[in-house]
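Number of protein chains: 2
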Amino acid sequence: MKPDVSAGVLLIGDEILSGRTRDANLQQIAEFLQPIGIPVREARVVSDDSSAIVEAVRAMSAAHDYVFTTGGIGPTHDDITADCMAEAFGRAIDVRADALAILETWYARSETEITPARLRMARIPEGASLIANPVTGAPGFQIENVFVLAGVPKIARGMLEDVVHRLEGGPVTHAVTVRLEGVREGDIAEALGVLAGDHHSVSFGSYPWFEEAPDGGLRRGVALVARGHDAALLEQLRPQLEALG
Amino acid sequence: MKPDVSAGVLLIGDEILSGRTRDANLQQIAEFLQPIGIPVREARVVSDDSSAIVEAVRAMSAAHDYVFTTGGIGPTHDDITADCMAEAFGRAIDVRADALAILETWYARSETEITPARLRMARIPEGASLIANPVTGAPGFQIENVFVLAGVPKIARGMLEDVVHRLEGGPVTHAVTVRLEGVREGDIAEALGVLAGDHHSVSFGSYPWFEEAPDGGLRRGVALVARGHDAALLEQLRPQLEALG
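In the order they appear, the protein sequences are chains R and G. Residue 102 in our numbering sits at position 102 of the first sequence, with consecutive numbering throughout. Residue 194 in our numbering sits at position 194 of the second sequence, with consecutive numbering throughout.
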């Protein structure tokens with residue numbers, strides 16, 4: 001077990017930056033990695049732009065134990081992620097026999113022709129290892145400490161299953177959440193600060209919330225989250241958090 | 001009008017990286033900026049960590065015309081964004097009379113005491129200009145080209161209204177979306193590539209989708225998005241995109 005592990009997530013695609021699509025991959029990757037002790041410490045979203053992708057993946061690969069990218073590995077002209085990864089790590093890239101064999105088997109079942117566009121999905125950087133795609137066949141790949149996944153959340157989730165055994169996690173971060181209603185952050189800030197000062201191994205977060213009540217009025221409150229490696233300690237803290245309300 | 005404008009969005013907070021909260025601010029900021037001609041070109045999510053925040057805001061402030069941060073400006077111990085912004089730009093920070101006056105007026109209405117914790121929300125870097133908060137009073141602020149907003153989406157949205165007149169946009173990016181059903185990306189990739197090659201002023205994106213049909217089966221298709229400054233041209237392209245289905 002590694003003492004301190006961190007991951008970065010790189011979301012690739014104009015559609016997230018434009019606001020057209022609300023990303024779901026950051027959350028599902030974080031939730032997938034949490035039980036194996038790999039916290040996500042940074043995420044970036046970049047557009048479908050080669051230099052932006054190359055620069056981001058180099059910086060994140062150097063800064064974190066593992067990096068997960070999503071998006072840009074399909075058959076269309078705007079799918080440039082594989083070429084960017086090859087460039088970022090100084091590798092050659094071409095159609096690879098192992099990836100092509102997967103596509104041939106997959107498309108033979110549906111009697112689908114492997115067009116030049118579909119062949120693009122067998123372009124894999126030299127030395128990368130493939131990641132199985134149980135949903136639509138076309139594989140992702142791992143290059144150094146970077147795991148290149150599809151952008152469609154269902155496919156990315158499927159690919160994570162083939163990645164988990166390649167990861168070495170650290171101590172698991174547990175969390176206890178207490179939802180207080182009818183209080184404001186300012187009401188509980190001092191007491192929460194004291195609690196945080198008394199427990200340096202625990203990270204305390206405070207998140208105000210607002211929602212509409214059934215009568216049309218506004219409800220408000222604060223969600224308190226305590227995070228740390230010692231699950232028993234967190235459970236001991238739960239009543240103290242509840243008592244702040 | 002500026003010829004080429006870009007914005008970055010910096011989301012600050014452990015709760016997004018941990019997967020506990022799915023971010024809504026990137027999407028709403030992008031949707032707010034689109035009609036005024038400011039495309040979001042990069043987003044980053046960092047944890048509640050001073051050095052990570054300082055490093056990210058410096059890099060993004062240098063790379064983009066405008067940067068929008070969300071989160072970390074409340075009254076609790078984990079709200080460190082204002083101090084990080086002061087550090088990033090080499091400014092002093094203390095309770096400022098203009099911000100304190102806003103809090104005093106706001107809290108007087110609800111007969112709420114201004115505790116030392118609430119006073120933290122009047123800590124504003126030297127030379128920054130305030131951003132009105134119509135929801136809960138405590139202001140955000142602008143420092144150089146960085147707009148520091150609250151993390152609660154409703155509050156961040158309210159603050160944007162006080163920011164819009166400080167921004168100089170470029171040409172508006174329009175988008176046309178066509179949703180095709182029953183086709184796969186590989187079926188239309190060649191034709192889409194030809195269309196993209198014929199129209200270099202337009203950016204074409206292709207996004208596969210999957211959803212459950214009412215009979216429990218799986219539906220699939222591709223959403224095609226054409227983006228560019230010439231709305232009339234995009235409308236001319238719409239039937240050509242539909243014809244790919």
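Treat the hints as calculated values from the structure; they're not laboratory data. Check the hints yourself; a few may be wrong.
Same chains, same label: a pair holds when it works inside one copy or across any pair of copies.
[What the hints assert, rightly or not] As a list, the in silico SDA-like pairs of lysine to any residue whose alpha-carbon atoms are at most 20 Å apart:
| id | residue 1 | residue 2 |
| --- | --- | --- |
| 1 | K154 | R22 |
| 2 | K154 | E104 |
| 3 | K154 | E211 |
| 4 | K154 | T136 |
| 5 | K154 | L100 |
| 6 | K154 | Q28 |
| 7 | K154 | V135 |
| 8 | K154 | L195 |
How the hints compare with the structure:
Taking the shortest alpha-carbon separations for K154 and R22, both the intra-copy value of 14 Å and the inter-copy value of 17 Å come in at or below 20 Å. In this assembly of identical chains, the alpha carbons of K154 and E104 never lie at most 20 Å apart, being 22 Å within a copy and 50 Å across copies at closest. Only between protomers do K154 and E211 lie at most 20 Å apart by alpha-carbon distance; the minimum there is 10 Å, versus 30 Å within a single protomer. Taking the shortest Cα distances, K154 and T136 sit within 20 Å of each other inside one copy (10 Å), while across copies they are farther apart (38 Å).
With identical chains, the CA atoms of K154 and L100 are never at most 20 Å apart, being 22 Å at best within one copy and 49 Å at best between copies. Taking the shortest Cα distances, K154 and Q28 sit within 20 Å of each other inside one copy (10 Å), while across copies they are farther apart (24 Å). Taking identical chains as interchangeable, the C-alpha atoms of K154 and V135 lie at most 20 Å apart only when both belong to the same chain, with a minimum of 8 Å there against 37 Å between chains. When the C-alpha separation of K154 and L195 is checked against a cutoff of 20 Å, the pair qualifies neither within a copy, at 40 Å, nor between copies, at 29 Å.
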